[in-house]
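Peer 1: Each chain is listed here by its residues.
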Amino acid sequence: DAGITQSPRHKVTETGTPVTLRCHQTENHRYMYWYRQDPGHGLRLIHYSYGVKDTDKGEVSDGYSVSRSKTEDFLLTLESATSSQTSVYFCAISERDSRLHGYTFGSGTRLTVV
Amino acid sequence: DQQVKQNSPSLSVQEGRISILNCDYTNSMFDYFLWYKKYPAEGPTFLISISSIKDKNEDGRFTVFLNKSAKHLSLHIVPSQPGDSAVYFCAASVAGSARQLTFGSGTQLTVLP
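Top line first, the protein sequences correspond to chains A and B. Numbers 4 to 117, taken from the working numbering, label the letters of the first sequence in order. Numbers 161 to 273, taken from the working numbering, label the letters of the second sequence in order.
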């Protein structure tokens with residue numbers, strides 16, 4: 004989707020190194036989310052943001068931190084990557100009335116921790 | 161504890177026939193339900209949704225049915241087409257300021273030509 008961009012698209016990193024994934028939106032949506040997708044688990048919420056500098060934890064937040072200093076950017080940081088964090092990470096955006104139309108997702112970042 | 165469950169990891173259907181994907185949930189506070197479709201190497205895309213005050217919503221070839229007493233919803237695709245082959249995720253939402261979605265584990269639909 005042209006309104007939401009994730010970078011990088013692919014990354015291989017070593018255990019113990021810090022990693023930052025970026026989500027950038029051009030839609031001026033208030034809400035932003037980070038999910039991870041793993042086989043057998045579907046999509047699980049890591050962290051979300053409901054405004055600049057307003058963030059909260061999701062279901063699987065351990066080992067992750069986030070920051071949102073501007074409306075358009077939502078960063079996900081793995082402070083010290085572990086093999087269990089190998090996954091596909093999706094960013095999503097929504098407006099307040101997303102109940103009937105859901106989120107718009109980015110194309111994902113495939114992260115491999117070796 | 162999975163609040164949204166899709167018990168069939170995969171489903172194969174002949175082109176032109178009906179595809180029925182199922183989803184069960186445990187949280188009675190969910191008030192909206194959504195279906196997403198995902199192709200490989202792409203993000204999920206929204207397909208159709210339903211409010212908990214309704215029992216059916218239709219959009220073209222796609223119909224979602226909600227049975228609140230059974231805590232069950234299903235997605236019907238009629239007629240199925242090869243382009244419908246994808247992973248389908250069921251999701252549910254609880255009223256709240258951030259509208260977080262809870263997803264099921266997905267069902268891989270394969271439509272055979």
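Hints are supplied without guarantee of correctness; some may be wrong.
Stated by the list, open to error - Cross-link-like lysine to aspartate or glutamate pairs, in silico, DMTMM-like; alpha carbons within 25 angstroms at most: (1) B:K231 x A:E62; (2) B:K165 x A:E62; (3) B:K165 x A:D65; (4) A:K14 x B:E202; (5) B:K197 x A:D41; (6) B:K231 x B:E202; (7) A:K73 x A:E98.
FYI, nobody ran anything at the bench for these hints, they're computed from the structure. Keep in mind that this is a model prediction, so the values were computed, not measured.
Peer 1: Now tell me if each hint is right for this structure.
Peer 2: Hints, verified against the model:
1. B:K231 x A:E62: Distance of about 22 angstroms is within 25 angstroms: holds.
2. B:K165 x A:E62: holds, 16 angstroms
3. B:K165 x A:D65: holds, 23 angstroms
4. A:K14 x B:E202: This hinted pair holds, its Cα atoms lying about 16 angstroms apart.
5. B:K197 x A:D41: holds, 16 angstroms
6. B:K231 x B:E202: Distance of about 30 angstroms is beyond 25 angstroms: violated.
7. A:K73 x A:E98: holds, 16 angstroms
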